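Engineer: Here is how the chains run, residue by residue.
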Amino acid sequence: AAGVIQSPRHLIKEKRETATLKCYPIPRHDTVYWYQQGPGQDPQFLISFYEKMQSDKGSIPDRFSAQQFSDYHSELNMSSLELGDSALYFCASSLRSKGSGPVPSSYEQYFGPGTRLTVT
Amino acid sequence: AQKVTQAQTEISVVEKEDVTLDCVYETRDTTYYLFWYKQPPSGELVFLIRRNSFDEQNEISGRYSWNFQKSTSSFNFTITASQVVDSAVYFCALRRSGQGGSEKLVFGKGTKLTVNP
Chain A
52 AAGVIQSPRH LIKEKRETAT LKCYPIPRHD TVYWYQQGPG QDPQFLISFY EKMQSDKGSI
112 PDRFSAQQFS DYHSELNMSS LELGDSALYF CASSLRSKGS GPVPSSYEQY FGPGTRLTVT
Chain B
2 AQKVTQAQTE ISVVEKEDVT LDCVYETRDT TYYLFWYKQP PSGELVFLIR RNSFDEQNEI
62 SGRYSWNFQK STSSFNFTIT ASQVVDSAVY FCALRRSGQG GSEKLVFGKG TKLTVNP
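First to last, the sequence lines map onto chains A and B. 52 is the number of the first residue of the first sequence in the working numbering; add one for each residue after it. 2 is the number of the first residue of the second sequence in the working numbering; add one for each residue after it.
It should be emphasised that the hints constitute simulated quantities derived from the structure, not laboratory data. Given the structure is predicted, the values throughout are model-derived calculations rather than measurements. Note that CB positions come from ideal geometry on N, CA and C, so glycine has one too. Take the hints with a grain of salt, since some may be wrong.
Stated by the list, open to error - Below, computed lysine-lysine pairings styled on DSSO-like, alpha-carbon distance capped at 27 Å: (1) K110(B) x K71(B); (2) K110(B) x K17(B); (3) K39(B) x K73(A); (4) K17(B) x K39(B); (5) K39(B) x K108(A); (6) K108(A) x K110(B); (7) K113(B) x K39(B); (8) K4(B) x K113(B); (9) K17(B) x K113(B); (10) K4(B) x K108(A); (11) K73(A) x K108(A); (12) K4(B) x K39(B).
Claimed, not checked - From the structure, some residues in chain B lie toward chain A, with a derived Cβ separation under 7 Å: (13) G44; (14) E45; (15) L46; (16) F48; (17) R51; (18) R52; (19) K105; (20) F108; (21) G111.
Produce the entire structure from the sequences given, and follow the hints as far as they go.
Structural biologist: Here is the structure:
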């Protein structure tokens, strides 16, 4: 089965540079989530998109921006990189609930392999 | 606010031992979802299980079993007859049920399990 694709898998940048991370969701999934996992930390939610619109925003720095394109892939743009931005960045995709009734069904978030960003 | 607590930072066992990973959660929502993910040393996050708040039936999948108790807000994970390949960091996570609410996952700090031969 097709999985979430992230590119690049590894990225090394210097301070103050910019970086663009790409995420290709599982086919037919309409929701994309971005998470940041620092060394030894749990993943922290950054931002999500549903049907190409931002649906939720977490602790994402103003230096970061993201969008979801018409083909549902998403890009996370990071500018003025800092040493503290070094982390594993995960993209996850899901098919948002399309159920009906008092408690709609829901679908798991499937994670990509992650992009390991190192800022030197 | 939503919160997940995994009190065990690290656990070390010998192969074939049973091990239980604890997860306690906090939420004001009446409907929500709980998850367990495995993160092996290679770094990827592997989905293990999802449990709906309205379904307290425990589940068994091979050597894995999950005990969901709403009364104590716990969702514990047991590995029976552990193997070296089970060595990983395990995350418990919580999310709202959707319908306009945030669907982000809130993770616990994770439990690092080491299974020694």
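Engineer: If a hint holds in the structure, say so; if it doesn't, say that too.
Structural biologist: Now for the hints, and whether the structure bears them out:
Note on K110(B) and K71(B): the hinted pairing holds, with a Cα-Cα distance of about 21 Å set against a maximum of 27 Å. At most 27 Å may separate the alpha-carbon atoms for a hinted pair to count; K110(B) and K17(B) meet this at roughly 26 Å. A threshold of 27 Å between alpha carbons decides the hint, and for K39(B) with K73(A) the separation of about 23 Å falls inside it, so the pair holds. Distance hint between K17(B) and K39(B) is fulfilled; the C-alpha atoms sit about 19 Å from each other, no more than 27 Å.
The straight-line distance between the Cα atoms of K39(B) and K108(A) is roughly 25 Å, inside the 27 Å bound, and the hint therefore holds. As the CA atoms of K108(A) and K110(B) are separated by approximately 21 Å, the hinted pair is consistent with the 27 Å bound. For the hint pairing K113(B) with K39(B), the CA-to-CA distance comes to about 10 Å; that is within 27 Å, so the pair holds. The hinted pair formed by K4(B) and K113(B) meets the criterion: a straight-line CA distance of about 19 Å does not exceed 27 Å.
Between K17(B) and K113(B) the CA atoms are separated by roughly 17 Å; this keeps the pair inside 27 Å, and the hint holds. For a cut-off of 27 Å, the pair hint linking K4(B) to K108(A) stands: about 17 Å separates their Cα positions. As the CA atoms of K73(A) and K108(A) are separated by approximately 18 Å, the hinted pair is consistent with the 27 Å bound. Proximity of K4(B) to K39(B) is assessed by CA-CA distance (about 19 Å); at most 27 Å being required, the pair is judged to hold.
Taking 7 Å as the C-beta cut-off, the interface hint given for G44(B) holds, the closest approach to chain A being about 6 Å. About 5 Å separates the beta-carbon of E45(B) from the nearest beta-carbon of chain A, less than 7 Å, and the hint is met. For L46(B), the suggested interface contact is upheld, since its CB lies about 4 Å from the closest CB of chain A, less than 7 Å. Taken as an interface hint, F48(B) checks out: its beta carbon lies about 5 Å from the nearest beta carbon of chain A, inside 7 Å.
Checking R51(B) against chain A: minimum C-beta separation of about 5 Å stays under 7 Å; hint holds. About 11 Å separates the beta-carbon of R52(B) from the nearest beta-carbon of chain A, more than 7 Å, and the hint is not met. The interface hint given for K105(B) is met, as the beta carbon of that residue sits about 4 Å from the closest beta carbon of chain A, less than 7 Å. Satisfaction of the interface hint for F108(B) is found here, the shortest Cβ-Cβ separation to chain A being roughly 4 Å, below the 7 Å cut-off.
With a least beta-carbon distance of about 5 Å to chain A, the hint placing G111(B) at the interface is held under the 7 Å criterion.
Violated hints amount to a single one, hint 18; each of the other numbered hints is respected by the structure.
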